[in-house]
Amino acid sequence: MGVAELNVDGGVSLRKQRSLWADAFRRLVQNRAALFGGIFIIILVFVAIFADKIAPYGYAKQDLLSNNVVAKWMMPLMPPGSERYVHTTTKYILGADYLGRDILSRTIYGSRVSLSIAFVAATVSLVIGTLYGIVSGYLGGVVDDLMMRLVDFLYGFPFLVVVILLQTYFKAMARRGGQGGFGTWMIHINQAMGGMFFLFIAIGLINWIGMARIARGQVLSYREKEFIEAARALGAGHSRIILKHLLPNIVGPLIVAETMAIPGYIFTEAFLSFIGLGVDPPTPSWGIMISEAVPALRSYPVQILVPSVALTLTTLAFNFLGDGLRDALDPRLQQ
Amino acid sequence: MTKYIIRRILWFIPVLLTVAAFTFFLVREIPGGPFDFAGDKSIPPQVVANIEAKYHLDWPVHMQFLSYLVGDDVIAAVFGGRYAETKGISKGLIRGDLGPSLRYRSLTVTDIVGTTLPISTQLGILAMMIGLIIGIPAGIIAALKQNSWLDFSATFTAVLGVSIPNLVLGPILIWVFAVWLRWLPAATWGAKPPWILGFIPRNLGWNFWSHAILPAFALGTGLSAAIARLTRASLLQVIREDYIRTARAKGLAESVVIFRHALKNSMIPVVTIIGPMFAAVVTGSMIIEQIFGINGMGRHFVYSIGNRDYPLVMGVTLVYSVILVIANLVVDITYAWLDPRIRYE
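Note that the protein sequences, when read in sequence, are chains L and P.
Using the numbering used here, you'd call the opening residue of the first sequence number 4 and step up by one each time.
Using the numbering used here, you'd call the opening residue of the second sequence number 3 and step up by one each time.
No lab work stands behind these hints: they were computed from the structure.
Note that the coordinates shown come from a computational prediction; the quantities given were computed from them, not determined experimentally.
Do not take every clue at face value.
Said to hold, decoys possible - Quick list of simulated restraints, FRET-style, between CB atoms:
no.	chain 1	residue 1	chain 2	residue 2	range
1	L	226	P	273	47 to 57 Å
2	P	151	L	52	22 to 32 Å
3	P	19	L	229	45 to 55 Å
4	L	175	P	332	33 to 43 Å
From the three backbone atoms N, C-alpha and C, an ideal C-beta is built for every residue, glycine too.
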């Protein structure tokens, strides 16, 4: 498709038409912070996928003679007077933890947990929330009223308490083992994933609510627009209107909101792992690594550094990307 | 307005009842009980049964819930029979009794909440003040000087601030200021009861502040970053509105345009997040309390569930929910003040 354009000399030339998405992508790439965020996340995805190839050691491999060793180059970061008790090493680039496990390898493997939570919880909440919001907004009337009352109600719930309750419940169930059937099947899946499956459920189950509100608001603002009316006048069915006309228009703000919510999911996982309700040991997660390093904060502060930097850079990248996406899809905010 | 507030307060009752019921039944669904001790600490099953009977854990769950709400003396009087056999343990929620703690058995839940909540509230209010005092001015300046270096550095700092979790910031602050520089203590809280008005420490000396600075900043930095981002985005949207152009066209001074006309309206989304933020922060952040060894209420959200200390779970959840619904009501009332077009009838 091209757009006919009148030249100065009266001839007609064809200019390549740019779609909304191509335009948005161009603006996104021009935003350096967003570009950094995007590239960082792509690299991290590859690190997570090929963790077993990249990591120098296994994440659970213990070297009991080198517990709490500190990498030689990190000594300037240690508190004054620590030379008296610290053993240094050059074998482990970032040192080893209190069980003699390589910190670098555990951090690399830990990216798997954070990224899986980010993408799975985001997808789950995006799909459920969008469906719920579209149905509620499109149908309107009593159905909309009821569905939104439910959302309002869930919104008032102490989110953190519910997540802790759900995780405690899942963990206790997993310890007891299921009584056969569906429960056992889920517990097996969870074990195979190092405890992540139940985390997906607990986090995804709660976060679709915000998404549903945004989706409904968007549907309401488009539902009465002329182009929807035109589509209806031409005889388009409900499913066609929703899929072809509504969805493409509302998906932008939803993706932006979801990207902005991802740091929250990563925090929740880190938090749950920190209090012992996250993934099952020895699966490494940055939250677990931080919580294991806190008791040794006075004597071995460098142990907390690596997972902390990894966690912060990852959430920073998602925040930059989310901001960039928002600006790219809504250019009105730029002057 | 008064009518609206009364209606909202009445609406609290079903909301809180549902939260209470949901928590009550869900926490009892979790396998394992408060008196399941394994290994060396195990107790003969008959003894466990006796302790459980004392706390009425042998009653049907819905009867336990009823008795939690109205008190077991009422249940005994109405239903009689087995419900009148044991001594009462709680006068019920409606009479302000949160029941006994099953883990700390010399204490009631009211005792625990009473000693830990004020500490969490002190910390939370300090953190909230840091959030507002840094966040709102930073957001305003960034928006007014959009695309200047001031804006870029403020925006960048704010994104950095929301990206560093408490989990990371807390230990790093301890490492730098307590372990390395040795300027401030690494842990514990510097104030003791009795409190003025229930939560203000009596002696606001250096001992209090030196202990409070690190945790308050660890908790407040994220808040200020989030508030700054939202203030900036919201103010940017508002200063493009027609009525701001009108105000400028009338020849009003720029400071009047911004502070009298733009700022008030731009605060609506900010106030919206401050409500839940406030509720979460004054009831205690378990991470910060854990890292800094502060005896606040936040840690009981986690440990009470792990210990299956049913009444304590109920107590902290209800305290949190009450503060949350009140904070949200205050937010809604503030809307009407910020934007006079919003009226509640």
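Status of the given 45 to 55 Å range, CB of residue 229 (chain L) versus CB of residue 19 (chain P) = holds (47 Å)
request  = Evaluate the given range 47 to 57 Å for the C-beta pair formed by residue 226 (chain L) and residue 273 (chain P).
outcome  = violated (29 Å)
request  = Mind checking the hinted window 33 to 43 Å against the Cβ distance between residue 175 (chain L) and residue 332 (chain P)?
outcome  = 38 Å Cβ-Cβ, so the 33 to 43 Å window holds.
key: Assessment of proposed distance window 22 to 32 Å (beta carbons of residue 151 (chain P), residue 52 (chain L))   = violated (39 Å)
The structure shown violates the earlier hints numbered 1, 2.
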